[in-house]
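Trainee: Listed below are the residues making up each chain.
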Amino acid sequence: MDGHPYGYNLPISEKTKAVPWEEKVRIVEEVKSDFRFKEYIFGCLNCGVCTASCPSNRFFDYSPREIVQRFLEEDVEVLYDMMHEYIWACSQCFTCWIRCPFVNNPGGLVAIMREVAVRNAFEATKDLLKPYGRVLLKVMTTGNQLSADMLQPDFFPDWGPKMADNMENLRAKRLAIPFDVGKSVKTAWEVSLETAIEMYTIWRETGIFEMLEKLDPNLYNVIMDIVEENEERYEELYEEEE
Amino acid sequence: MAHAHGFGHNSPGGLLRYPEKPPFPLKEYSAHYDHIFEMMEELEAKGEILIHRITEEHQPVEVFTRTGRIKLIPTNKLWHHKSCGQCGNIPGYPASIFWFMNKFGLDYLNEPHQTSCTAWNYHGSGTSNPVALAAVWLRNMHQAWKTGYYPLIHCGTSFGSYKETREQLIMNKELRDAVKPILRKLGRLVDIGDGKERIVIPQEVVHYSEWVHAMRYKIKELYEKEGKAKGIDVSNVRVAIHNACHTYKMIADDYPYDPEVFNGQRPAASTAVVKALGAQVVDYSTWFDCCGFGFRHILTEREFTRSFAIQRKLKVIYEEVKADLIVTHDTGCTTTFEKNQWIGKAHGMYYPVAVMSDVMFAALACGAHPFKVVQLYWNCSDYERLLEKMGISNWRELRKEWEDTVKYIAELEKAGKYDELMEFFKEYDLYEPYSRTSTGKPKASATANMPLFKS
Ligand code: SF4
Ligand code: SF4
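Chains D and W, in that order, give the protein sequences. 52 is the number of the first residue of the first sequence in the numbering used here; add one for each residue after it. 34 is the number of the first residue of the second sequence in the numbering used here; add one for each residue after it.
The set of hints was computed from the structure by calculation and includes no laboratory data. Hints may contain errors.
[Said to hold, decoys possible] In silico DSS-like links for lysine-lysine, alpha-carbon gap of 30 Å or less: (1) W/258 with W/433; (2) W/447 with D/234; (3) D/213 with W/447; (4) D/234 with W/433; (5) W/450 with D/234; (6) W/206 with D/89; (7) W/218 with W/179; (8) D/234 with W/179; (9) D/89 with W/447; (10) W/206 with W/229; (11) W/450 with D/265; (12) W/355 with D/234; (13) W/355 with D/213; (14) W/110 with D/234; (15) D/234 with W/440; (16) W/378 with D/213; (17) W/60 with D/89; (18) D/213 with W/110; (19) D/213 with W/348.
Note that this is a predicted model, so its numbers are computed, not measured.
Only chain D is shown next, with the shape it has when bound in the complex (with noise of 0.2 Å):
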């Protein structure tokens, strides 16, 4: 089948085609059965408002109102495909949830989507977030998400050559700051290690950690290093304290 006939204008991927249909069915059930679901669709009047109202409709072939109708109509094929690459257009602005009459969150939907698309390792999933693996480095080990070193100037060549000027004595730059804050080029700012410990349990308890191993074993071997390497530090001050 090409496309879909109430407008699904992609056609729907050979990849997708060749996948046994029990585990298309297996993988829209994995959304259906999270607990937000229910919370986040009630009906659709197919009024659009919410994909008039998109930013990311305005420049992909993408549209929230065709994620609700696609789950109203258990649509497998064309639901399973949006998992791979469509529904990585949305910009998790919330726009479509505030504006909805039926106060659908098509924009939430998708954040279930992904999350299933990550925990099931799609092929599409890991290649579309291979460039995003340093900020899941910095995350993962620090709960920062976001440093001042990571603002180099030649990845962002586009940001202007003030951004440049803003790399040079950095790290004098943030000392400057008179207050605590910021003082930490490495990491937004100086987390605890007691903290990062307690995140690392959270990780491990949630599933986290084993999710991001088959997302990426790569990725995942730097950050268990940087992640027992902690815990050996942790274990030792804590011995030394007793």
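Knowing the structure of chain D, use the given hints to seat chain W with the ligands on it.
Mentor: Structure of chain W with the ligands alone, referenced to chain D:
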């Protein structure tokens, strides 16, 4: 409580309150969301949760939400839940918040025993889940409660995500049951002597922009007293407001609205403080649009972010209303707007306009140093013209002063003169005596072994 017979249903424990009459025309009278406050009281009575209450010592100010509910905004004794995007990329943002805290002589805690909310990562990559997000939030909230300081959330995404997580926790026993064993492991449940293990949940989730909103008349006083004395005048400044999606579209019923701001039909924070300062708020047709940040997009789908920011916001603001300044109240939008202007030159789409958050603009108006405090050197937008228009015509000297300080620090550090450095900071740092950096010395930093980011 003062409003025993509000127009809405007031809860027995006083957490859910409405004024006598609707403060402005309302879309609906009985918001589904508001019931969570009553449910919180019930869960507390059952021993499932412990509500971190806003008390007199927090000097609360009452504001209204979109549903007309009275929301208490604590203004003192605050635990600063910082934003990684702000500290990392807009250092003048938190610095301006702390500058006001010190100016007003408020008590606060700024400690390292906190992580980010990790929700930016979630919205960008999907590599988390609601149980993990809830555990991270509750760990941070328990830490704040333990210190006796009330959490003030700096980041809009943290604020939006925390509001949503709280609703999910209150509405879903399965989520509470999933997160409790993790918190138990962390020692983050509370037994008040009855053998029941409680999750700590704050009475209100509070964003810094709500604090600015609640403090706007005090900020105005400071502007009149100190800003004007320095020759600063914002009355001619044309300001376009950009409200952040994660503050007012996520859990839309929990953000301030006010009869003074579009008769309660648009979010009030930021607009109200700009109005209180006497600057000109200019309206534009795409005020409801997002900025184009997109979480993932700003990093890995940049042409979208740039195109959206330029075409839907910067161009419109420039052509329709010729604003001098876009005032924001969140991390991603500020970055998106100030960093994506220069590139427009490549396509004849350069629409220069200054960009900064409400608290940064307010700090400038009240006389804060544009570089030492507001850290404008980091800002890629066209802010110099704004400074001139505000009457900060000595900005070149101020910039030179800042650059000399940076040079001095860099040289001392390079020469390993740490004692001299420490002496210098004793005089230089502004955070004493009000801020206590921590409740306890951290054992060590989680950052120590992080490699520096290399391109
Ligand atoms: S959350 Fe996603 S689907 Fe909804 S309006 Fe924003 S970009 Fe569109
Ligand atoms: S706004 Fe709501 S009802 Fe209208 S099409 Fe979108 S999801 Fe359906």
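Trainee: With reference to the structure, classify each hint as holding or not holding.
Mentor: Hint by hint, here is what the structure shows:
no., hint, verdict
1, W/258 with W/433, "holds, 26 Å"
2, W/447 with D/234, "holds, 17 Å"
3, D/213 with W/447, "holds, 24 Å"
4, D/234 with W/433, "holds, 21 Å"
5, W/450 with D/234, "holds, 18 Å"
6, W/206 with D/89, "holds, 15 Å"
7, W/218 with W/179, "holds, 17 Å"
8, D/234 with W/179, "holds, 25 Å"
9, D/89 with W/447, "violated, 59 Å"
10, W/206 with W/229, "holds, 16 Å"
11, W/450 with D/265, "violated, 48 Å"
12, W/355 with D/234, "violated, 36 Å"
13, W/355 with D/213, "holds, 23 Å"
14, W/110 with D/234, "holds, 23 Å"
15, D/234 with W/440, "holds, 16 Å"
16, W/378 with D/213, "holds, 14 Å"
17, W/60 with D/89, "holds, 24 Å"
18, D/213 with W/110, "violated, 38 Å"
19, D/213 with W/348, "holds, 21 Å"
Hints 9, 11, 12, 18 from the list above are not met by this structure, while the remaining hints are.
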